[in-house]
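Protein chains in written order, with my numbering: chain L, 1 to 498; chain F, 1 to 314.
Because the hints were derived from the structure by calculation, they are not lab data.
Okay, derived cross-link-like pairs now, BS3-like style, lysine-lysine, Cα gap no bigger than 30 Å in a straight line:
id: 1; chain 1: L; residue 1: Lys124; chain 2: F; residue 2: Lys84
id: 2; chain 1: L; residue 1: Lys396; chain 2: F; residue 2: Lys59
id: 3; chain 1: L; residue 1: Lys295; chain 2: L; residue 2: Lys333
Covered, in the sense of this in silico footprint (three residues per stretch, anywhere, with C-beta under 8 Å from a C-beta of chain L), are these stretches of chain F:
id: 4; segment: 38-46
id: 5; segment: 76-85
id: 6; segment: 90-103
id: 7; segment: 147-153
id: 8; segment: 163-175
id: 9; segment: 256-267
This one's a predicted model, so the numbers in the text were calculated from it and none came from an experiment.
Quick reminder that beta carbons are idealized off the backbone N, C-alpha and C, glycines included.
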Amino acid sequence: MKKALLLGLMIVLMATAAWAAGEMPKKGGNLTICVADEPPGLDPTASASAAIDRVVYANIFEGLTKIDRTGKYVPGLALKWDISTDGKVVTFQLRKGVTFHNGEPFNAAVAKWNIERGAAEGTKNAHPEFFRIIEKIETPDDTTLKLTLKNPDSLFIVHMAEGDAVMLPMKGYENTAAHPIGTGPFKFVAWNRGDRVEMARNEKYWNPQLPYLDKVTYRFIGDASAMASALKAGDVDIIGWLQAPELAADFVKDKRFKVLSGSSVAENIMSTNNKVAPFDNKLVRQAMAHAIDRKAVIDLVMAGYGTPIGSHWPPVTPYYENLTGKFPYDPQKAKELLAKAGYPNGFEATIKLPAIYAYSKRAGEVIADMLGQVGIKLKIELVEWGVWLDRVFKQKDFQLSMIGHAEAWDIGIYANPNYYFQYDSKEFRDAYANALKATTTEEQSKWFKRCQEIVAEDAVNGYLFVIPSLSVMKADLQNWWKDYPTIVLDCTEVWWKK
Amino acid sequence: MLRYLTQKLITLALLLFLVSITVFSVLFVLPGDPAQIILGVNATPESLATLRADLGLDKSFMGQYGDWVAHLLTGQSQPSIHYKMPVSELILSRLTVTGPMALLAMLFAVAISLPFGIYAARNQNRPGDVTVMFFTQLGLATPEFWFGILLILLFSVQLGWFSAGGFPGWRVDFWGSLRALLLPAFALGVIRASILTRLTRSSMLEVLGEDYVRTARAKGLTERTVVYVHALRNALIPVLTIMGLQLGQLLAGAIIIENVYFLPGLGRLVFSAIGQRDLPVVRDIVLFMAAAVMLVNFVVDLAYAFVDPRIKLK
Chain L
1 MKKALLLGLM IVLMATAAWA AGEMPKKGGN LTICVADEPP GLDPTASASA
51 AIDRVVYANI FEGLTKIDRT GKYVPGLALK WDISTDGKVV TFQLRKGVTF
101 HNGEPFNAAV AKWNIERGAA EGTKNAHPEF FRIIEKIETP DDTTLKLTLK
151 NPDSLFIVHM AEGDAVMLPM KGYENTAAHP IGTGPFKFVA WNRGDRVEMA
201 RNEKYWNPQL PYLDKVTYRF IGDASAMASA LKAGDVDIIG WLQAPELAAD
251 FVKDKRFKVL SGSSVAENIM STNNKVAPFD NKLVRQAMAH AIDRKAVIDL
301 VMAGYGTPIG SHWPPVTPYY ENLTGKFPYD PQKAKELLAK AGYPNGFEAT
351 IKLPAIYAYS KRAGEVIADM LGQVGIKLKI ELVEWGVWLD RVFKQKDFQL
401 SMIGHAEAWD IGIYANPNYY FQYDSKEFRD AYANALKATT TEEQSKWFKR
451 CQEIVAEDAV NGYLFVIPSL SVMKADLQNW WKDYPTIVLD CTEVWWKK
Chain F
1 MLRYLTQKLI TLALLLFLVS ITVFSVLFVL PGDPAQIILG VNATPESLAT
51 LRADLGLDKS FMGQYGDWVA HLLTGQSQPS IHYKMPVSEL ILSRLTVTGP
101 MALLAMLFAV AISLPFGIYA ARNQNRPGDV TVMFFTQLGL ATPEFWFGIL
151 LILLFSVQLG WFSAGGFPGW RVDFWGSLRA LLLPAFALGV IRASILTRLT
201 RSSMLEVLGE DYVRTARAKG LTERTVVYVH ALRNALIPVL TIMGLQLGQL
251 LAGAIIIENV YFLPGLGRLV FSAIGQRDLP VVRDIVLFMA AAVMLVNFVV
301 DLAYAFVDPR IKLK
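Next comes chain F alone, as it looks inside the complex (with noise of 0.2 Å):
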């Protein structure tokens, strides 16, 4: 195990290393000035020479990567520049949007796929199978911010039963962040849940077909048992692996669906810190998001062994 561990924090912190090089070089010749974006298109060549060496982009490849790196290793990210405050202080605390949002959409994924994704698998091709393949079909299909939208207008412009996007903040209205966030967490949801209902069906299906489930219903266990005992458990390790892969990529910025509810989350950050040649914040974000999905790519990896005590961790 403990090896295991050193071994995968090795491998983290050199992808983290190579992913640095890559987003700097990246952004580095990526054109666009961000103080010709910062001061506007009639701004004097001396305030723009002046800014560029107030940011420290006139400084070479080397040295500006040099300073990045040095303020990482001091555990101090640089300040924004849009925002003038510490990128790790805008990432946490966006981070408090995006993180619930990310849980949420997961838990409603989990809520409706797994259910549904039983039912189908055990009524294989059956009308209820089709009805559930039909939903999934169309899930599949829909784009995230356009079934947002949707549901902005049904509920919110309609209805009038949620505010239409933005977010009061944890400390100020904890049930208002709350509600904010369901519609979002929803819309992504939903979605998400279409895959995982269609490979939840399918490894169920697999599994149902296995001998030891024949052996299980043969020595007279009750068909519930033998479903959600013997054969949900083995059904659930592909499951668990896409999972991993949603939530990290929830993590990694909702971004389209943070646009349309005006969420001010991680994604809506990067976003916006790309239109601005935000640098800082882009740098910071990109090896952030990086990090997330290699850790929750890990608990899966955990997780794995919890599900099936075959599976060991070397």
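This is chain L alone, in the form it adopts within the complex (with noise of 0.2 Å):
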């Protein structure tokens, strides 16, 4: 609630601020994104995909949280919470005089619907224990859900704001993958498979201040060249997300464009299988740590874009803690370190490199360099990504790879001792399981602090740096997301200054 009332707030500020400096957003106008990978079907509740989520997401479906362009959780479809002291039962109320784009309205009934449908047996979702937690659904009147859980999860409120979590019509969802219905600002009009996705401004939006552009179009354009020709050649507006960062410094220099350089959920880390010699020795790992330049690495592989982590959690989510400094460079220290755990003259090993991500790639045979300094010969093999997810992923054949991890608030995967990695350690779990407990900010921030703490100190992984959310766009698009503190590009509130 107070949350709520501090963002109505800023709001409020921000629009003062806008307007006093004669910058009132204008309605109107086209916006065509350019976004690499074309969408596995537009249902975000049928598949994890971040190219769904990047197309659909805010734009065409809301949830009944959402998380803002600060990384907070904001009310969506949902106008306020309130949490029991226990932790256990979470009040919603909803928004009034919501409808669907086919005309349905939404209500509590429908989210109960939702919610279910997320929990059922033999449910597509690939996150039904988001809702599984639910005990008992209860909607009092058309504009009340109140929901108790099984045991208080202080992500529960977070993961309703999850792609996993948006709110379809009972009647139009059946179509969903083909032709998705929402609430959001703008409606489906047509995917032209292989090329785009069109949708225009929902004219019934429950704000009707917004949305402020008529019709947005998604491009889909693999290749960062193309999409750099793309839009010099004005094909585009907008490169959603841009995937080789040495291309940004071409478009700086130019008037016509303008780059915004922010900070995404992804964490790039030199995943390290924790279960295999000599991995499974924490004092090597901690040498591996003290053997990487992170600096040296962002300017390599990224151009200078992208900050430094010193675990796995994001800066720009809630309860941040600075760990960069845990392991410096140093490897002098790192020597000695592998001479402690029994590697005075280093040792081999091989580093598989998802050949479909360029800066994996790129920071892999970078951090083989580096590594190599402190006696670690490194065998690169690339692999293709459909097998990268059956090697690495599944089978855990690997020794050392080199992956984004793209969800925010996925701590949780280091609890999970059969998880690629294979990081086994009861303090985590019983940290992590504190964190998911705890009812008040305070005790949530001092666990989840500490969970980033353990696996800096365990060197789980080689934590190397948050992959920039670089966006590069016509210098008339106002009001873009800086940063992505979520897998989305929310086209709500973007306008065009012509």
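Starting from the two chains in their separate frames, assemble the complex, guided by the hints.
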């Protein structure tokens, strides 16, 4: 509630500031966004694919809560929520007068149906556990949704802001993958497979001020330099996520364009198999941490864009603790630790790099060089994405790898000893359980920070940097999100100054 | 002729069957789980199992192969995992991009290679010939994607005459769509023209040395008639063969050029489908491409008879 108020206040302040500067948002105009990956269907409740959320989330679909551009969770279709002192009862007050694009009303009964659908036996939702924690759903009236949880879960509100928890209409939901119908500021118009998804302003959006744009088109261009050419030739208005940061410099110099560089929630880590020798030895992992010069990695791999991290937590997410100083770059120290671990002459290992991600490929090459300087000889093996998922992720057949973990609030993967990096720590599991159980912000903060500290101290993986949310756009485009604190390209408040 | 056709058809069916077995087996043992790719790395095992069952991936090798063939034989293809629509529709819609682009590219290739090839042959070892050969050498050495990027930089980014890629759709904007195919088709065509020019030249040189050409000249025909009526027709046969192969190759997917110009064509479809393990799409496209290449070769066989009546189809 406090957060909602605060946000309201912030919006008023921001609006005033904008008005004072003579920059009132204008309605109208079309926006063409180019993104690299075409989504596998347009139903975020049937897949965890980031490509889906980047197109439909917050534009076509909304959930009860949402994450705003600063990383805080704020009201979505729920105006506010109260959490009981024991943390088990969450009562949402829903917005009145919200309708889906097909005219169906949104109310407590619809919300209940959506949650039951996510929790159902045989659901296609990628995260049924988000909903299965709910023991009882009550709908005392049309705008009240009272959920009783099996046990307190401090991430419940966050989960309700994920793409997996968006609200679909009870009648018009069947064809969501091909023709999505939501409550969002934009209505689905067409999906020209292999090329684009088009959407148009929802005239009946619950906030009559929004959106500003008339039409939004997502175009799918896989190749980074083709993206850059498309923007320069005027075929697209913005590159939502520039995957080749070295191309940014060119746009920074060009007055027709502007570059926003913020932080995403994707931690790029050198994932390490904690069960295989010699990486089961904490000293070896710590030695590697000392051997890596994060600043140089960022300069070489990301053309200087990107924020260094010391643990598995992005700086744009609440409760962040800066642990980058824990293992400063110190090759001498690294060699000492290696000697202490029983490898005075180093050892040989293989790093498997997913070929589709340019940043992992390059980071792998840079890291191989850095580790080589302290005696760890890395053999680089490039693997195709499907193979990576199968061999590295599923069968855990790897020593080292390099990958961006894109989901926000995902430190819980360290509590699962079967997760591909096979980290098994009771201390962490307890701390994480405490964080989930915590009912106050102070408690949550304490335990989530503890979680960050434990994985940093154990040097579970090589924590390198958060992938920058680099967007390049025409100079007249206003109000695009600088940071991407969740997986979304939200066009709701974007407008053209022309 | 009829016997020839039946023979060809049986070969075609047999080949398609072999291709289908090969494709299916390769994709079956290829690591990578479509369900995992769709649901992402943090999906629960239960969701994965549900989706796998839903896609029929929990069945045995023979079970899945049977499913596929049954679908094909009844004329309806399986739905794409990624796009949620029948693969046949996808292929057809993508062909409206790749097909015209391939034809246009061949048109460019022929329009460039025939005149230059003939010219070079008639001016053998003179400066004109050397210049043409130099450029064909350059064309052979140039990767087509790089040439494509150069064209974009010049015509789209610098001059702004064409868009840098994309495809508006024939129904939305016919001339715009044609324009969108010009640059990629030119990039493809010029590179192919290099081979064809060299081939036309050498084939032409060979024919020009034949006795009947000397006879034609001896009976006082104009050089024009000798070259274009008597020599060219015979010189075209090896050129036609290569053109057929090239056209098949172009249909089978100008994968890289389609990615450079982000055209929603067949090549890009199969490229992304492999990455996403959209197995129904990959299988059907490979089968379709195999059929297309065989068909083009068949048409070329027919064309031999047309160009040279002495060739009989048996």
